Amino acid sequence: MTEVNETPNAASSGGDDAEPLLKLRGIDKHFGPVQALYGVNLDLFAGNVTGLCGDNGAGKSVLTRTIAGAHQPDHGQIYFEGRPVHIRSTRDASALGIETVYQDLALADNLDIVQNMFLGRERLRHGLLDEDSMELAAADTLKSLRVTTVRSIRQPVASLSGGQRQSVAVAKAVMWNSKLVLLDEPTAALGVVQTRQVLDLIKRLRDRGLAVMVISHNLNDVFEVADRIAVLYLGRMVADGPAAGFDRQSVVEYMTTGGANGRPSEAPGSVSVEG
Amino acid sequence: MDPDQETPATADPGQPPSETAHARRRQTEAEAVALVAAPDMSVADVPPELLAQSLGQYLRASWLRIRGGDSGVMPVLLAMVVVAVVFQIITPEHSFLRPSNLVYIFGLSTVYMVLAIAETIVLLIAEIDLSVGAVALIGGVIAFKLVQQPGAGWPWWAAIIAALVSCGVFGALQGTLSARLKIPSFIVTLGGFLLFSGILIVALGGADGSVNLNTSDSNQAVIYDLVQGTITPVASWILLVVAVGIFGTALWLRAASRRRQGLVAPPKSVTAVRIVLVALVGAAVVVVCNVNRGTSLKAVQGLPWVIPIVIVVAGIWTLVLERTRFGRYLYAIGGNPEAARRAGVSLAGMRTWAFALCAATAGLGGILLGSFFYGEYSTNTADPGQLVLYTVAAAVIGGVSLFGGRGKALHGVLGGLLIGGIAYGVSLLNLGSLSTPLQYILPGAVLLAAVLIDVLSRRGAGSVTRV
Chain A
321 MTEVNETPNA
331 ASSGGDDAEP
341 LLKLRGIDKH
351 FGPVQALYGV
361 NLDLFAGNVT
371 GLCGDNGAGK
381 SVLTRTIAGA
391 HQPDHGQIYF
401 EGRPVHIRST
411 RDASALGIET
421 VYQDLALADN
431 LDIVQNMFLG
441 RERLRHGLLD
451 EDSMELAAAD
461 TLKSLRVTTV
471 RSIRQPVASL
481 SGGQRQSVAV
491 AKAVMWNSKL
501 VLLDEPTAAL
511 GVVQTRQVLD
521 LIKRLRDRGL
531 AVMVISHNLN
541 DVFEVADRIA
551 VLYLGRMVAD
561 GPAAGFDRQS
571 VVEYMTTGGA
581 NGRPSEAPGS
591 VSVEG
Chain B
6 MDPDQETPAT
16 ADPGQPPSET
26 AHARRRQTEA
36 EAVALVAAPD
46 MSVADVPPEL
56 LAQSLGQYLR
66 ASWLRIRGGD
76 SGVMPVLLAM
86 VVVAVVFQII
96 TPEHSFLRPS
106 NLVYIFGLST
116 VYMVLAIAET
126 IVLLIAEIDL
136 SVGAVALIGG
146 VIAFKLVQQP
156 GAGWPWWAAI
166 IAALVSCGVF
176 GALQGTLSAR
186 LKIPSFIVTL
196 GGFLLFSGIL
206 IVALGGADGS
216 VNLNTSDSNQ
226 AVIYDLVQGT
236 ITPVASWILL
246 VVAVGIFGTA
256 LWLRAASRRR
266 QGLVAPPKSV
276 TAVRIVLVAL
286 VGAAVVVVCN
296 VNRGTSLKAV
306 QGLPWVIPIV
316 IVVAGIWTLV
326 LERTRFGRYL
336 YAIGGNPEAA
346 RRAGVSLAGM
356 RTWAFALCAA
366 TAGLGGILLG
376 SFFYGEYSTN
386 TADPGQLVLY
396 TVAAAVIGGV
406 SLFGGRGKAL
416 HGVLGGLLIG
426 GIAYGVSLLN
436 LGSLSTPLQY
446 ILPGAVLLAA
456 VLIDVLSRRG
466 AGSVTRV
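Chains A and B supply the protein sequences, listed in that same order.
For the first sequence, our numbering assigns the number 321 to the initial residue and increments by one for each residue that follows.
For the second sequence, our numbering assigns the number 6 to the initial residue and increments by one for each residue that follows.
Because the hints were derived from the structure by calculation, they are not lab data.
Keep in mind that the hints are not guaranteed to be accurate.
[As the list claims (entries may be wrong)] Here are the simulated SDA-like cross-link-like pairs (lysine to any residue), alpha carbons at most 20 angstroms apart as the crow flies:
(1) A:K499 <-> A:G482
(2) A:K463 <-> B:S105
(3) A:K499 <-> A:L444
(4) A:K499 <-> A:V512
(5) A:K463 <-> B:G211
(6) B:K150 <-> B:W162
(7) B:K303 <-> B:A240
(8) B:K273 <-> A:D452
(9) A:K463 <-> B:A240
(10) A:K463 <-> B:K150
Predicted, not measured: the structure shown is a model, and the values here were computed from it.
Based on the sequences and whatever the hints tell you, model everything.
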């Protein structure tokens, strides 16, 4: 990993030559009198895992939901594959290839794995559900992600372990030619073995060339999978750069004080990361 | 993965699996979807039909699953046997299982079956419709009024369609109120129950009023015959052969097609046993119905029309619930409304449709009820309160969950038959003044037992969930 000092403003011309898949520029969002995001800039690259860190209330969820189309920014511009886009709904996001796995996973316990993976996008034949083709496609996706610990893809989701449920939710998200997957606290409720399953799965998504953003409190997990790290502090993006430019100490400092190395952030949204 | 930790689907977890079973299972999984058992997976998690490769394995796995708390239709089948045996013993002259009584029970039960199937639709999305009884009866009265001659004089099919559409509108109104204004369906439909019960009395022409069909009019006779009419014994057998043939072919071809595509399918022997069981049950029903239950002057024998009618209704709803998006979304809403919403399902729209289709289906039940009572609708035969109690009881006893997301049309059919059997059995007992209270007490007790089973099995399922 190259040691790159870059400001988010210059990120697109910075260390990574590639154009970012998703580019946020100056995103502002407020709810009533509460300003949740202040001029947030963020770049997400294909084939890259970005860890989004921040303390409670830092704006991680709002930022995620803005990308996912659940919130509209007050100001600022979102670029997807270089084009300015307006993501007005989760449907718009899906159409672009942006899928979100929320912390609650949004799986229906009484439906089986196939039914959950195709929920809302069922395949039809002669007006009836085409179960067989959906089952084959779901099995293919799970196999390609090497989610092999489920006994049958026709078992109800209620019977799965936490890690398996997370895996199904992720598989559901990547099934649709997605280009960007947002994962909200994917390991928060998991034990050690299951966390490992999910982290391996995230790496596999990256290897497939997807852009992945992982929102997590758990710095162990972030450092394990993230190629880039972005830190939000009270609605401002206080740090953003290659993961190699951070250590645990500096991330914690960014998360808790908005600055690092005993130095407060100079200007919100423009802090560079020291290698 | 450590093979010693694996728990084969079909063997007792306490015993080490045999080598052959092990190898066979491994091979099957490789063929199917190449999914390997997780070490922590327990036996009760996976429906047996997914993994069993022979009849023996299938039966053993089913038994393990039942022991694990997921009992399916077993409780209602057991209850039916108990009810049949007990009433056979305690009824005067042991008359409960006489063919004439059984056919009477079939006829009475079809009303509860259709209503229970209707109720299942709203129970699936974790709502309840307490107005089904009243709405169904109004539907019946509408159909009966429309074919009156002199009077509206509509053809029977137009009258039935008008009744079903009217009921659908009543249901849609209640569903809209509940879904858009976020009023609990319990309250909305409780109001609907009282409102429509009152309207019903008005429609019947006062507390002593009644609407009768004139069977000498061939148009009205069609509606009268829905329950009272029969087909000839020979036609009954032909119908059975055709029905079992269609069902068996569909089941067989479906399993074969899944095997061809490399998907998991039940073993051929299981499919065959299933078809034979259906054929046997059907044959038993035809045999019972073909016994002459009339008098020496006028023979009455053959399958009542209503049995094929109910099978068609149950078949259509099975297809809708299991093979259409609408059905899939009902289950999804019952399981996790938020997941359904994020998947792009319109919750308010689906709820409104569920109530509308529930009420429309119930309307058919109301028409059957009038036909069952020999084409006479009066405040004596039409008791919306008892009807809704029996309906909810039938659905829940049959295996439909009150908490949403679990239930099939078949459950309504089985529950309806059980409730019909209990209701008629009590009336056979010559208990005098005790008879009427027992017609409430017994189904009420059975309903409570069924709810208890529902809650306990739900708790059992919850313990399986590991988060």
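Of the hints stated earlier, which fail here? 1, 2, 3, 4, 5, 9, 10
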